[in-house]
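Colleague: What follows is the residue order along each chain.
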Amino acid sequence: MNQTHKYRAGVAILILSLLLLPFALSAAGTAWVRITNLAILFVFLSLGLNIVVGFAGLLDLGYVAFYAVGAYVYALLASPHFGLHLPFWIILPIGAGLAALFGVLLGTPTLKLRGDYLAIVTLGFGEIVRIFMNNLSQPINITNGPRGITLIDPVRLGNISFGQSDQLLGLVVSGPMKYYYLLLLLLLLVIAVNLRLQNSRIGRAWEAIREDEMAARAIGINTTRIKLLAFAMGASFGGVAGGMFSAIQGFISPESFVLTESVMILSMVVLGGMGNIWGVVAGAVLLSFVPEMLRYTVIPLQMSLFNRIVIEPEVIRLLLFGLALVLMMRFRPAGLWPLRARQREFDRRVANR
Amino acid sequence: MNQLLEASSISKHFGGVRALHEVSLTIRQGEIYGLIGPNGAGKTTFFNVLTGLCPASSGAFRFAGRPLDVNAPHTVAQAGIARTFQNIRLFTNMTALENVMVGCHLRTHAGIIGAVLRGTATRAEENAIQQRAVELLRYVGIADRANDLARNLPYGDQRRLEIARALATEPRLLALDEPAAGMNATETAALRILIEGLRADGLTVMLIEHDVKLVMGLCDRVAVLDYGEKIAEDVPENVQRNAKVIEAYLGA
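Protein sequence lines correspond, in order, to chains W and P. Once you know that position 27 of the first sequence is 27 in the numbering used here, the rest is easy, because the numbers rise by one and skip nothing. Once you know that position 165 of the second sequence is 165 in the numbering used here, the rest is easy, because the numbers rise by one and skip nothing.
Only chain W is shown next, with the shape it has when bound in the complex:
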């Protein structure tokens, strides 16, 4: 077999296994399909944040705000809260657009900031959005405050509702499984968009800003515009992810959009390898699944060993998370699967030449 054949066979096997995955997972329990769906949402979020952090080199610690915007747009336009029930294919673009607008809103005052200072302002922005959602229940009840919004419509396509199970060719296709296929489709789209953006005139301009902003300005790149584009593009992916999150969960509240979520998404990007699309996908999948696996293995393990739970799974999760970050900084500072440029940046032997 030559290279192309091997490549094609590999892709075919990958696609086939991705298509069959939910059936295998539901054998282990529908919960695992849900976990996979959430993992895909985190891949969306990481890829969106990667545009800002990985491509353009702008450290953003408030990314969850755009996730929140997308989620609330969906919740408000498809729930009994306002009595609106728009279809998801109308809401998702609105959510993405509004999130992009928020991206520009965040980007505009922070254009001259870099590094730590940008991180502080974006962190504040994330908190502002969350606190707004928490308090926008008075004097007009828009977000229903900390109680959140319930009974959000599931995605509906024609007669098929994603909120319930259906029979297809004698197979039971559950709601989460349908979401899985929808998310998989969106994921392919998001990855394709990212790959094309990276290898384009705009993508090169982002990279130039990351490398040397002053040189980029001197050769005529309108850094204001290009940075805002990065914020807006990144935010729009967050908006889409937020919308899908609303639909899948059926309930959202400001509690889902706290700072630790932003930190988690950033960790996925950094762990996977800033700037490398496949690395970021791997990072997001890894950090989404490992904690869940822990949850399902640590308790039975402790029960069988000690007959009681000695260490809470949550504690173990944080412990391992910290350990992973330390080990990564020591052995793979550019991420598990780094962009070749980043890797060289971190490789001292090359840098000192």
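Since the hints were derived computationally from the structure, they do not count as laboratory data. Some clues are possibly wrong.
For each label pair, taking beta carbons as the anchor points, the in silico distance ranges come out as [stated by the list, open to error]:
{"id": "1", "chain 1": "P", "residue 1": "D201", "chain 2": "W", "residue 2": "W89", "range": "50 to 56 Å"}
{"id": "2", "chain 1": "W", "residue 1": "F82", "chain 2": "P", "residue 2": "I113", "range": "27 to 33 Å"}
{"id": "3", "chain 1": "P", "residue 1": "Q29", "chain 2": "W", "residue 2": "L111", "range": "32 to 38 Å"}
{"id": "4", "chain 1": "W", "residue 1": "L113", "chain 2": "P", "residue 2": "Q240", "range": "46 to 52 Å"}
{"id": "5", "chain 1": "W", "residue 1": "W89", "chain 2": "P", "residue 2": "A181", "range": "57 to 63 Å"}
{"id": "6", "chain 1": "W", "residue 1": "L189", "chain 2": "P", "residue 2": "G141", "range": "40 to 46 Å"}
{"id": "7", "chain 1": "P", "residue 1": "R241", "chain 2": "W", "residue 2": "V104", "range": "57 to 63 Å"}
{"id": "8", "chain 1": "W", "residue 1": "P109", "chain 2": "P", "residue 2": "T108", "range": "25 to 31 Å"}
{"id": "9", "chain 1": "P", "residue 1": "Y227", "chain 2": "W", "residue 2": "L111", "range": "30 to 36 Å"}
{"id": "10", "chain 1": "P", "residue 1": "G40", "chain 2": "W", "residue 2": "L111", "range": "30 to 36 Å"}
{"id": "11", "chain 1": "P", "residue 1": "R107", "chain 2": "W", "residue 2": "T224", "range": "14 to 20 Å"}
Where is the CB? At the ideal position from N, CA and C, for every residue including glycine.
Fit chain P to the supplied structure of chain W, relying on the hints for placement.
Modeller: Below, chain P alone, put in the same frame as chain W:
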């Protein structure tokens, strides 16, 4: 001869420090114009003001017969002025080819939607950018290093790459900030041939340089700055004999 750039009474103050004081000069179409002066005389500040990297305290520029807006670097580049830096500023983790391709940004158009859809027009533009970048690398003589990272190029080639990147913006005036700094005699001689070639191809060049032999041999006219003021502007032979210039360089 046609005037390309006209600077009138450019001043730049940093707090109490007078980096530039009422500097006026004109550069003619097609000449190589040298800007010299002792360290700290304000040469690089003049470049920074001209290219919009730091705003002037007062004064105005005219370029190609029109007022030049120096408030944003990209409008200066748009008008047709490109520059290099004294301490080379390449995109070090990008390849030589990519560096020049970024330089083509200014004269190309594909946006987000073009990039995502990648239609015929976008693909044609991408091909044109790549072709142009290869041509420019060949022009400055480093086409064989196209796929090397900018940081791995030898020093002289990095200087050349920076010039190629500046040329990608299709300038009418190329401002070179100490292009021969740190170069050995062979590299300097090659640089001189390159700059003369640029002029032969119709470009106007403005040059900050410490290498007196290079400046005197290459430039059509030379201006001398001292403590932020222009003390002389003439053909090289006359500048060399100018009493004020000799005083500025040797001390009173």
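Colleague: If a hint holds in the structure, say so; if it does not, say that too.
Modeller: Hints and how they fare:
The beta-carbon spacing between P:D201 and W:W89, approximately 55 Å, falls within the hinted interval of 50 to 56 Å. At roughly 32 Å, the beta carbons of W:F82 and P:I113 sit within the given window of 27 to 33 Å. For P:Q29 and W:L111, the Cβ-Cβ distance of about 36 Å falls inside the hinted range of 32 to 38 Å, so the restraint holds. Checked against the hint of 46 to 52 Å, the pair W:L113 and P:Q240 passes, with Cβ atoms roughly 48 Å apart.
Taking 57 to 63 Å as the suggested C-beta distance range, the pair W:W89 and P:A181 conforms, at roughly 59 Å. Take W:L189 and P:G141: their Cβ atoms lie about 44 Å apart, and the range 40 to 46 Å holds. Taking 57 to 63 Å as the suggested C-beta distance range, the pair P:R241 and W:V104 conforms, at roughly 59 Å. Roughly 29 Å separates the CB atoms of W:P109 and P:T108, a value that falls within the hinted 25 to 31 Å.
Against the hinted window of 30 to 36 Å, the Cβ-Cβ separation of P:Y227 and W:L111 comes to about 35 Å, which satisfies the hint. Look at P:G40 against W:L111: about 31 Å separates their beta carbons, and that is inside 30 to 36 Å. At roughly 19 Å, the beta carbons of P:R107 and W:T224 sit within the given window of 14 to 20 Å.
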